[in-house]
Amino acid sequence: MTAIPKFGVGASALRKEDKRFIQGHGTYTADKNLDGQLYGYVVRSPYPAASFTFEDLDMAREADGVVAILTAEDVADLGAVPVFTGIKQPDGTRPTLRPAPVLCDGEVKYVGDAVAYVVAETLAQAQDAAEMIMIDWQEKDANAITARALDEDAPLVWDDAADNRAYLYQMGDREATAAAFDKADKVVSISFLNTRLASNYIEPRACLAEWNEAEGSFTLHTGSQGVHQMRDALAKKIFRMDGDKIRVVTSDVGGGFGTKMFMFREYPLTMVAAKKLGRPVKWVSDRTEHFMADSHGRDNVVEAAMALDKDGRFLAFKARLTAAMGAYMGQYGPNIPTGGITMSTGVYDIPSMDVTVDAVFTNTMSVDAYRGAGRPEAAYLIERLVDECAHETGIDRAEIRRRNFIRPEQFPYHTPGGRMYDVGEFDGHMTRALEKTDYAGFAARRAESEKNGKLRGYGFATYIEACAFAGSEEARLELTEDGEIILDIGTQTNGQGHETAYAQFIYDRIGIDFDKIIVRQGDTIHLPNGGGTGGSRSIPLGGVSVDAASEKLAEKMKKIAADELEAAPADIELVDGVARIVGTDRSMDYSALARAARDEADRKADADIAQDENTYPNGTHVCEIEIDRETGLIEVVNYSVVDDFGMTVNPTLLLGQVHGGIVQGMAQALAEEVVYEPEGQLTTASFMDYAMPRADGVPFFEFETRNVPSTTNKLGMKGAGEAGTIGACPAVMNAVVDALGHAKGIRHVEMPVTPLKVWQLLNG
Amino acid sequence: MSLSISLAINGRQHDVALNDPRVTLLDLLRERLDLPGTKKGCDRGQCGACTVLVDGRRINSCLALAASMDGAEITTIEGLAEGDELHPVQAAFIEHDAFQCGYCTPGQIMSAVGLIKEGMAGDDPERVRELMSGNICRCGAYQGITEAVLEAGRKAAENAQPQTGNPDTGKDAA
Chain A
1 MTAIPKFGVG
11 ASALRKEDKR
21 FIQGHGTYTA
31 DKNLDGQLYG
41 YVVRSPYPAA
51 SFTFEDLDMA
61 READGVVAIL
71 TAEDVADLGA
81 VPVFTGIKQP
91 DGTRPTLRPA
101 PVLCDGEVKY
111 VGDAVAYVVA
121 ETLAQAQDAA
131 EMIMIDWQEK
141 DANAITARAL
151 DEDAPLVWDD
161 AADNRAYLYQ
171 MGDREATAAA
181 FDKADKVVSI
191 SFLNTRLASN
201 YIEPRACLAE
211 WNEAEGSFTL
221 HTGSQGVHQM
231 RDALAKKIFR
241 MDGDKIRVVT
251 SDVGGGFGTK
261 MFMFREYPLT
271 MVAAKKLGRP
281 VKWVSDRTEH
291 FMADSHGRDN
301 VVEAAMALDK
311 DGRFLAFKAR
321 LTAAMGAYMG
331 QYGPNIPTGG
341 ITMSTGVYDI
351 PSMDVTVDAV
361 FTNTMSVDAY
371 RGAGRPEAAY
381 LIERLVDECA
391 HETGIDRAEI
401 RRRNFIRPEQ
411 FPYHTPGGRM
421 YDVGEFDGHM
431 TRALEKTDYA
441 GFAARRAESE
451 KNGKLRGYGF
461 ATYIEACAFA
471 GSEEARLELT
481 EDGEIILDIG
491 TQTNGQGHET
501 AYAQFIYDRI
511 GIDFDKIIVR
521 QGDTIHLPNG
531 GGTGGSRSIP
541 LGGVSVDAAS
551 EKLAEKMKKI
561 AADELEAAPA
571 DIELVDGVAR
581 IVGTDRSMDY
591 SALARAARDE
601 ADRKADADIA
611 QDENTYPNGT
621 HVCEIEIDRE
631 TGLIEVVNYS
641 VVDDFGMTVN
651 PTLLLGQVHG
661 GIVQGMAQAL
671 AEEVVYEPEG
681 QLTTASFMDY
691 AMPRADGVPF
701 FEFETRNVPS
711 TTNKLGMKGA
721 GEAGTIGACP
731 AVMNAVVDAL
741 GHAKGIRHVE
751 MPVTPLKVWQ
761 LLNG
Chain B
1 MSLSISLAIN
11 GRQHDVALND
21 PRVTLLDLLR
31 ERLDLPGTKK
41 GCDRGQCGAC
51 TVLVDGRRIN
61 SCLALAASMD
71 GAEITTIEGL
81 AEGDELHPVQ
91 AAFIEHDAFQ
101 CGYCTPGQIM
111 SAVGLIKEGM
121 AGDDPERVRE
131 LMSGNICRCG
141 AYQGITEAVL
151 EAGRKAAENA
161 QPQTGNPDTG
171 KDAA
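So the sequence lines, in the order shown, correspond to chains A and B. Going letter by letter, the first sequence gives residues 1 to 764 in the UniProt record's numbering. Going letter by letter, the second sequence gives residues 1 to 174 in the UniProt record's numbering.
In short, the hints are calculated from the structure, not lab data. Cβ coordinates follow ideal geometry from the N, Cα and C atoms, glycine included. Among these hints, one or two may not hold up.
[Unchecked claim] Straight-line C-alpha distance at most 20 Å; calculated EDC-like pairs for lysine to aspartate or glutamate:
id: 1; chain 1: A; residue 1: Lys32; chain 2: B; residue 2: Glu31
id: 2; chain 1: B; residue 1: Lys117; chain 2: B; residue 2: Glu130
id: 3; chain 1: A; residue 1: Lys6; chain 2: A; residue 2: Glu499
id: 4; chain 1: A; residue 1: Lys757; chain 2: A; residue 2: Glu677
id: 5; chain 1: A; residue 1: Lys19; chain 2: A; residue 2: Glu679
id: 6; chain 1: A; residue 1: Lys436; chain 2: A; residue 2: Glu399
id: 7; chain 1: A; residue 1: Lys186; chain 2: A; residue 2: Glu478
id: 8; chain 1: A; residue 1: Lys140; chain 2: A; residue 2: Glu481
id: 9; chain 1: A; residue 1: Lys19; chain 2: B; residue 2: Glu73
id: 10; chain 1: A; residue 1: Lys19; chain 2: B; residue 2: Glu31
id: 11; chain 1: A; residue 1: Lys19; chain 2: B; residue 2: Glu151
id: 12; chain 1: A; residue 1: Lys19; chain 2: B; residue 2: Glu130
id: 13; chain 1: A; residue 1: Lys32; chain 2: B; residue 2: Asp43
id: 14; chain 1: A; residue 1: Lys140; chain 2: A; residue 2: Asp160
id: 15; chain 1: A; residue 1: Lys559; chain 2: A; residue 2: Glu478
id: 16; chain 1: A; residue 1: Lys516; chain 2: A; residue 2: Asp606
id: 17; chain 1: A; residue 1: Lys32; chain 2: B; residue 2: Glu82
id: 18; chain 1: A; residue 1: Lys19; chain 2: B; residue 2: Glu126
id: 19; chain 1: A; residue 1: Lys6; chain 2: A; residue 2: Asp602
id: 20; chain 1: A; residue 1: Lys6; chain 2: B; residue 2: Asp124
id: 21; chain 1: A; residue 1: Lys556; chain 2: A; residue 2: Asp571
id: 22; chain 1: A; residue 1: Lys604; chain 2: A; residue 2: Glu555
id: 23; chain 1: A; residue 1: Lys19; chain 2: B; residue 2: Asp55
id: 24; chain 1: A; residue 1: Lys276; chain 2: A; residue 2: Glu484
id: 25; chain 1: A; residue 1: Lys237; chain 2: A; residue 2: Asp105
id: 26; chain 1: A; residue 1: Lys19; chain 2: B; residue 2: Glu78
id: 27; chain 1: A; residue 1: Lys310; chain 2: A; residue 2: Glu289
id: 28; chain 1: A; residue 1: Lys552; chain 2: A; residue 2: Glu481
id: 29; chain 1: A; residue 1: Lys552; chain 2: A; residue 2: Asp628
id: 30; chain 1: B; residue 1: Lys117; chain 2: B; residue 2: Asp70
id: 31; chain 1: A; residue 1: Lys32; chain 2: B; residue 2: Glu78
id: 32; chain 1: B; residue 1: Lys155; chain 2: B; residue 2: Glu73
id: 33; chain 1: B; residue 1: Lys117; chain 2: B; residue 2: Glu73
id: 34; chain 1: A; residue 1: Lys714; chain 2: A; residue 2: Glu551
[What the hints assert, rightly or not] Here are the computed distance ranges between Cβ atoms for each label pair:
id: 35; chain 1: A; residue 1: Arg20; chain 2: B; residue 2: Ala160; range: 22 to 32 Å
id: 36; chain 1: B; residue 1: Asp124; chain 2: A; residue 2: Ala178; range: 52 to 62 Å
id: 37; chain 1: B; residue 1: Ser4; chain 2: A; residue 2: Asp523; range: 39 to 49 Å
id: 38; chain 1: B; residue 1: Lys155; chain 2: A; residue 2: Gly441; range: 49 to 59 Å
id: 39; chain 1: A; residue 1: Ile4; chain 2: B; residue 2: Ser4; range: 56 to 66 Å
id: 40; chain 1: B; residue 1: Arg154; chain 2: A; residue 2: Arg20; range: 53 to 63 Å
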């Protein structure tokens with residue numbers, strides 16, 4: 001095997017973005033300021049459901065520093081926060097879209113719903129004035145509990161949405177599934193909640209808006225996961241204006257996790273204020289606002305069952321999800337549960353399925369994409385169910401999986417959820433992971449723990465996820481006369497290290513100094529269109545286009561050099577920043593080469609390579625825990641992953657994605673939960689009451705890849721942004737149930753498994 | 001009414017007139033002195049993104065009133081490197097890939113510098129984790145952070161002159 005060049009694909013190249021980040025030189029949205037800027041502050045509902053009128057706005061309007069107060073009438077001409085969905089109900093109808101208005105007009109539906117926007121010279125003045133606004137609230141009954149939403153006596157979130165149902169959705173073959181259940185030797189059922197989570201990027205959302213009167217155009221600076229989607233939502237859905245008149249700029253982003261994809265109402269509010277007042281306006285969310293007003297993740301109530309034959313073979317699967325939408329539908333919210341269920345048969349060969357989704361309204365913030373977006377829910381469902389199948393049949397957990405895995409010779413494999421898996425060696429990574437973590441020796445380790453008064457559990461999950469949804473991501477390259485290469489691409493790094501990963505593809509084709517590769521994302525002015533970052537698509541889709549564009553540019557550069565050096569293009573090599581005739585010392589540097597181009601087009605190249613199916617990364621997570629009987633505290637004593645990502649671009653970046661994903665999945669299992677009181681008050685609105693994973697609860701992880709290249713794209717890549725989260729949650733919960741089941745016969749515990757919960761189970 | 005304070009930030013003396021007694025040290029740095037490297041994550045002392053050193057000790061700058069900082073010596077992330085030469089903790093953070101989005105990183109690094117100075121963690125990963133747990137990293141880079149702090153701590157110990165005092169208590173050794 002030849003060595004990987006230091007900056008090429010496959011190398012652990014250190015990140016190009018690191019130096020600015022570790023010196024405090026990153027530029028996040030809140031770090032930007034413009035001359036003469038004003039500050040916006042959103043007045044929010046303290047009630048989960050109420051009608052309201054403004055009793056007095058004048059006192060606030062006259063307060064020090066206040067320049068404007070916007071209410072619903074000021075934004076009456078704007079469209080609502082968009083909802084994008086193509087869901088069809090079983091009767092063929094489309095669900096009624098129920099989007100959030102930019103500002104509420106006389107009625108609020110959740111704690112944090114926006115009723116007014118105060119603009120002042122300073123933030124403190126805006127906040128002070130907000131407290132002077134007198135509002136007459138008429139409280140109504142509200143419900144925040146997903147499981148209760150469909151009850152006959154549940155308060156209605158929308159008067160005209162009977163039963164609080166947002167939509168009904170069915171997938172699979174009902175008859176075949178029912179027939180399989182009828183003839184089954186065994187049926188194993190589970191029911192559980194998939195808890196509600198908050199994204200909690202440490203950089204709260206923020207925006208800074210400018211209006212250019214002469215050009216009739218906006219500039220919006222905001223953290224996003226893709227400026228083009230943001231621009232299009234604003235232009236087409238909110239302002240109904242020419243997209244060219246809205247420039248969206250995203251600089252460094254302090255974590256996105258899906259949530260920063262969306263066009264939240266504070267952005268048009270801030271833009272309208274900037275236009276009205278002729279001065280830039282800045283809005284920065286605080287942490288409590290984040291909990292109230294940034295979309296949440298998960299929140300499903302699940303009942304599921306598996307039909308098995310006498311040998312423990314899975315015959316059919318069925319599930320019913322009650323999925324919270326929030327009070328309003330999120331931008332992609334309706335598609336999260338319906339997308340997730342397509343993956344609910346996991347890595348198993350299950351002939352048929354029957355899944356129903358009841359999407360419901362509750363008086364809560366919208367639920368939308370959060371790291372994994374439906375796929376963690378699917379993996380948690382199937383992997384908990386399979387462990388229960390093992391328990392109920394008495395077949396070993398690994399053995400029952402082996403009997404039911406989709407076998408390598410079955411690929412390409414069409415799932416009952418309508419997916420087409422291209423490749424996979426599920427038994428391969430499971431076997432390796434179990435060997436690595438000494439599954440066989442677990443009983444001895446458990447006995448040792450028990451001697452020390454502790455419970456011990458071993459759990460694992462063999463997950464699969466769908467990444468890189470069909471489509472493409474255009475890459476444009478330009479060799480500048482300074483000898484630099486600029487890449488324009490419409491994905492958006494939120495910390496993943498795109499600058500580095502894309503540069504590696506370019507370096508491979510055009511041996512250029514790593515520092516001379518400039519990756520530009522996050523400005524609609526540089527690139528007309530882009531797909532953004534989400535669903536682990538940036539590297540599988542973007543990387544393929546960057547590679548193809550680099551190949552084209554390399555060909556053009558060789559042609560120019562060949563002309564200049566009087567050689568054949570085939571004899572030119574591009575290495576170390578020069579084009580050289582192979583085997584000679586005759587060369588020219590890239591700056592001279594760019595200047596020699598007859599036409600600008602000769603030093604530019606682009607590619608937009610489409611992929612028509614998803615990619616399917618998969619793997620096995622193993623988690624081993626100890627539980628302290630006295631305190632109920634769970635300690636993760638071993639965590640090991642064997643993943644199939646198809647191909648590795650940068651092992652260091654990959655490890656970061658996997659580690660971070662595990663921490664988020666583990667934290668859902670053990671710590672995090674957004675809690676609304678049943679009547680709708682939000683009780684987790686700071687880091688004091690929403691438990692975040694911190695350094696002291698996170699062990700060192702063992703990680704290795706066992707890559708089987710994807711056949712869906714040329715480079716074999718599968719995507720890795722969400723995989724850690726998807727595998728971790730069921731692996732940790734299977735370990736917890738293993739420990740508690742062995743000690744107490746407990747077969748189910750709801751997330752998050754806090755020390756209090758464990759202590760109560762052990763001592764209750 | 002304004003209140004005048006004088007403080008040293010990253011070795012440079014600043015005389016500041018505060019027109020509002022509510023201004024925190026964090027807002028003073030970010031909004032008034034053009035030092036946005038220190039980050040605001042929660043404004044309540046619960047995430048650690050705003051950690052700076054005050055007279056060598058790490059604190060949450062969002063919980064400190066600027067008015068109480070008269071005469072203080074403050075170090076922020078911008079003042080850590082010596083010219084082009086990174087502080088060993090910064091170098092270790094790069095080496096161990098101890099961050100992704102970079103937003104909590106200034107706070108993590110300042111906290112690590114403070115921790116190493118406190119000398120309480122030694123070479124024990126458990127202690128490092130515990131004593132770094134005031135700094136949340138949502139990207140979940142805790143493994144890299146722990147490794148980076150351990151390495152920087154080891155290097156600091158190797159380079160340290162024989163100690164004559166106890167950094168924990170400030171008291172002279174017997």
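How the hints compare with the structure:
1. A:Lys32 - B:Glu31: holds (10 Å)
2. B:Lys117 - B:Glu130: holds (16 Å)
3. A:Lys6 - A:Glu499: Given that 20 Å is the threshold and the Cα spacing comes to 16 Å, the pair holds.
4. A:Lys757 - A:Glu677: With a Cα-Cα distance of about 18 Å, the restraint between A:Lys757 and A:Glu677 holds, given a limit of 20 Å.
5. A:Lys19 - A:Glu679: Violated - the C-alpha atoms of A:Glu679 and A:Lys19 are around 48 Å apart, more than 20 Å.
6. A:Lys436 - A:Glu399: Given that 20 Å is the threshold and the Cα spacing comes to 17 Å, the pair holds.
7. A:Lys186 - A:Glu478: violated (62 Å)
8. A:Lys140 - A:Glu481: Violated, at about 66 Å.
9. A:Lys19 - B:Glu73: violated (25 Å)
10. A:Lys19 - B:Glu31: violated (23 Å)
11. A:Lys19 - B:Glu151: With a Cα-Cα distance of about 19 Å, the restraint between A:Lys19 and B:Glu151 holds, given a limit of 20 Å.
12. A:Lys19 - B:Glu130: violated (27 Å)
13. A:Lys32 - B:Asp43: holds (18 Å)
14. A:Lys140 - A:Asp160: holds (16 Å)
15. A:Lys559 - A:Glu478: Between A:Lys559 and A:Glu478 the Cα gap is close to 15 Å, so the pair holds against 20 Å.
16. A:Lys516 - A:Asp606: Roughly 18 Å separates the two Cα atoms, so the pair holds.
17. A:Lys32 - B:Glu82: The given pair, whose Cα atoms are some 25 Å apart, is violated under the 20 Å limit.
18. A:Lys19 - B:Glu126: violated (28 Å)
19. A:Lys6 - A:Asp602: violated (28 Å)
20. A:Lys6 - B:Asp124: Outside the cut-off at roughly 33 Å; violated.
21. A:Lys556 - A:Asp571: holds (13 Å)
22. A:Lys604 - A:Glu555: holds (11 Å)
23. A:Lys19 - B:Asp55: Measuring from Cα to Cα gives roughly 26 Å; hence the hint is violated.
24. A:Lys276 - A:Glu484: violated (42 Å)
25. A:Lys237 - A:Asp105: With a Cα-Cα distance of about 19 Å, the restraint between A:Lys237 and A:Asp105 holds, given a limit of 20 Å.
26. A:Lys19 - B:Glu78: Given that 20 Å is the threshold and the Cα spacing comes to 12 Å, the pair holds.
27. A:Lys310 - A:Glu289: violated (53 Å)
28. A:Lys552 - A:Glu481: The given pair, whose Cα atoms are some 18 Å apart, holds under the 20 Å limit.
29. A:Lys552 - A:Asp628: Since the Cα atoms of A:Lys552 and A:Asp628 sit roughly 60 Å apart, the hinted pair is violated (cutoff 20 Å).
30. B:Lys117 - B:Asp70: Answer violated: B:Lys117 to B:Asp70 is near 23 Å, above 20 Å.
31. A:Lys32 - B:Glu78: holds (17 Å)
32. B:Lys155 - B:Glu73: violated (25 Å)
33. B:Lys117 - B:Glu73: The hint holds at about 16 Å.
34. A:Lys714 - A:Glu551: The given pair, whose Cα atoms are some 13 Å apart, holds under the 20 Å limit.
35. A:Arg20 - B:Ala160: 22 to 32 Å: Distance hint for A:Arg20, B:Ala160 holds at roughly 30 Å.
36. B:Asp124 - A:Ala178: 52 to 62 Å: With a Cβ separation near 59 Å, B:Asp124 and A:Ala178 satisfy 52 to 62 Å, so the hint holds.
37. B:Ser4 - A:Asp523: 39 to 49 Å: holds (42 Å)
38. B:Lys155 - A:Gly441: 49 to 59 Å: At 37 Å between Cβs, range violated.
39. A:Ile4 - B:Ser4: 56 to 66 Å: holds (59 Å)
40. B:Arg154 - A:Arg20: 53 to 63 Å: Given a distance of about 26 Å, which is not inside 53 to 63 Å, the answer is violated.
This entry does not satisfy hints 5, 7, 8, 9, 10, 12, 17, 18, 19, 20, 23, 24, 27, 29, 30, 32, 38, 40, going by the numbered hints stated previously.
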